[in-house]
Amino acid sequence: MTVYAAPGTPDAKVTFKPRYENWIGGEWVKPVKGQYFEDITPVTGKPFAEVARGTAEDIELALDAACKAAPAWGKTSPTERAAVLNKIADVIDANLELLAVAETWDNGKPIREPLNADLPLASDHFRYFAAAIRAQDGDHAELDHDTVAYQFHEPLGVVGQIIPWNFPILMAVWKLAPALAAGNAVVLKPAEQTPVSILVLIELIGDILPPGVLNIVNGFGVEAGKPLASSPRIRKIAFTGETSTGRLISQYASANLIPVTLELGGKSPNIFFSDVADSNDAFYDKAQEGFTLFAFNQGEVCTCPSRALIQKPIYDSFLDTVTARTAKAIQGNPLDTETQVGAQASNDQLEKILSYLDIGKQEGAKLRLGGERADLGGDLTDGYYVQPTIFEGNNKMRIFQEEIFGPVVAVTSFDDYDDAISIANDTLYGLGAGVWSRNGTTAYRAGRDIQAGRVWVNNYHAYPAGAAFGGYKSSGIGRENNKLALDHYQQTKNLLVSYSDNALGFF
Amino acid sequence: MLEATVTIPDETISRVSLNDASTELLRKLWIQYGPLMFHQSGGCCDGSSPMCYPAGDFLTSDNDVRLGTFDIGPNADGSPMPIDFWMSREQFAYWSHTHLTVDVVKGRGSGFSVEAPEGVRFMIRSRLMDSATPFV
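Heads up: the sequence lines are chains A and B, in that order.
Counting with our numbering, you get residues 496 to 1002 for the letters of the first sequence.
Counting with our numbering, you get residues -9 to 126 for the letters of the second sequence.
Derived from the structure by calculation, the hints contain no laboratory data.
Virtual Cβ for every residue (Gly too), placed ideally from N, Cα, C.
Do not rely on the hints blindly, as some may be mistaken.
Incomplete in silico selection of chain B near chain A, CB under 8 Å [said to hold, decoys possible]:
{"#": "1", "residue": "32"}
{"#": "2", "residue": "36"}
{"#": "3", "residue": "48"}
{"#": "4", "residue": "80"}
{"#": "5", "residue": "88"}
{"#": "6", "residue": "102"}
{"#": "7", "residue": "106"}
{"#": "8", "residue": "107"}
{"#": "9", "residue": "114"}
{"#": "10", "residue": "119"}
Given only the sequences and the hints, what does the whole structure look like? Please build it.
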């Protein structure tokens, strides 16, 4: 057990600057309007640093820098770009604890997560795309004896990326790694709730990239995100967030006729077929953990398994077991490696979760566990903590249909396979899903019948580089986390070459 | 508390209201941004919260439902200050049995909603509607 020292105290692994500027053209640049906002740590509810409040003027500066850098960066060899990405990965690995403390302080997540998941995944992600870009071939077709069509991959140029607050570093890396690997220059806007950890990362990796290849402008959506997303100077926009902003960004993109990729969340079903309880063995233990993963990262995961569907014969026994297991989850100081459930990322997120606990109770859902804000006392008393919560109800209730983005699971039962699939697909979204069964046929068929981009079969919440991630239905457009993502950051250049010396004969 | 006028054909009961803090904030934002609108969001991160945009910035379509219109006026010149509240039709299918009140809390959201720079965030509080049949 380790309790990391809080930033601002002796022995802290990270020392935050009192004020962070924008990162533009390879240097720290003050915001044009000279305004800043406070970054609040959800661990204590107190501000800990000031961050540039960027506006359209700062976005223009960042675009100037990106436009200047893009041509040369786009012409570097895949070997050179891969080397840069691998260096970034090495720096992340070498600064694991520093970055983990920064991430926990910014976001509220228990530090075991950035230590063991967010940051190892981030460095591996850079390495994956370093490998992917080196292994990527163009192709060609010999259309006839004298005519050859060559397909080349070319970078888009300058791209915009807007990052969410639930995995501030990892979600940035999911977007950055393919964009940089493909040879693009990036203007990135972190979430206004969690801007600092990415800036701490930039302090470490900023000099690895040529100036202007990666630019970061902080600020609010309406003041900095909108001018970025609507700029005619970007060749693509990527966004992770919610549906209204996703639509708005699509509208801006349509005005400029540029492509957009969106990841907009879900309401992921986690289906437990009766046979999981056939034996009280390691697999049954794994399935129980699979249920409890709804509390992972305080439920602030786009693929949170927030709807649990349990087959009727095992409903009572399984729910009893997993409720007891969830009750043992350790909620506490996020800087303690023993802590399993930390703080929600912001006050408005806390308030929204509490409003859903209220509507769940009004709708007649049965509260099995939790259901309240948690007061952890001491320095943590003003932090944003919510008890892991289990509701029982039916799939038409709003707590079954909306992404609460908190440690809240809505549980219901099903009769048979068809009933399970019907309930699972009765949602606007289709990002993630879980299927648990000892029967390979059942598991395979359910995995194929669920309308979601990622179905975990007999596991959940694994995000290895290489496994494509993205949404069906209202959950978004595009895929990340796999070499497919390169396609979202590349143009196809077709060179159609004639090797014949003879005229066509038309004129 | 300010109830919206009913805008859905054949309905008679308001579906959405503003509490006093939200009304006061919207009057302030109107001065800064001009006419405003709401679109109820879904999905991750800042989802399930109402987004407040300059009117017309967000393009609604036949696949959106206008739940009601608030008048936060009169304006200084005595004119009304109407704010439409919208939601996608498919989302409304799951929300229609609940009455919504727009509240405002400390925070800053992460979408393009115009109140975020004020250090506050609109959010929804819900209650079951007597007249609606839930869970059909």
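Exercise for review: Classify the hint on residue 88 of chain B as holds or violated, based on whether any CB of chain A lies nearer than 8 Å to its CB.
Suggested key: 7 Å, holds
Point to revise | residue 48 of chain B as an interface hint toward chain A, with CB separation required under 8 Å | key: This interface hint holds because 5 Å falls under the 8 Å limit.
**Study point:** Proposed interface contact between residue 119 of chain B and chain A, which counts if any beta carbon pair is under 8 Å
**Key:** 11 Å, violated
Review point. How about residue 102 of chain B: closest beta carbon in chain A under 8 Å, or not?
Key: For residue 102 of chain B, the interface hint holds, since the closest Cβ of chain A sits about 4 Å away, which is under 8 Å.
Review point. Is the interface hint for residue 107 of chain B satisfied, with its Cβ closer than 8 Å to some Cβ of chain A?
Key: 5 Å, holds
**Study point:** residue 114 of chain B as chain A interface residue, shortest Cβ-Cβ below 8 Å
**Key:** This hint holds: residue 114 of chain B lies near chain A, its Cβ roughly 7 Å from the closest one there, short of 8 Å.
Review point. For the hint on residue 36 of chain B, does the least C-beta distance to chain A fall short of 8 Å?
Key: 5 Å, holds
Exercise for review: Report holds or violated for the interface hint on residue 106 of chain B, using the least CB-CB distance to chain A and a cut-off of 8 Å.
Suggested key: 5 Å, holds
Review point. Was the hint right that residue 32 of chain B lines chain A, CB cutoff 8 Å?
Key: Hint holds; residue 32 of chain B Cβ to chain A Cβ min 5 Å, cut 8 Å.
Exercise for review: Double-check residue 80 of chain B for me: the hint is only fine if its C-beta lies closer than 8 Å to a C-beta in chain A.
Suggested key: 6 Å, holds
Of the numbered hints listed earlier, the single one contradicted by the structure is hint 10.
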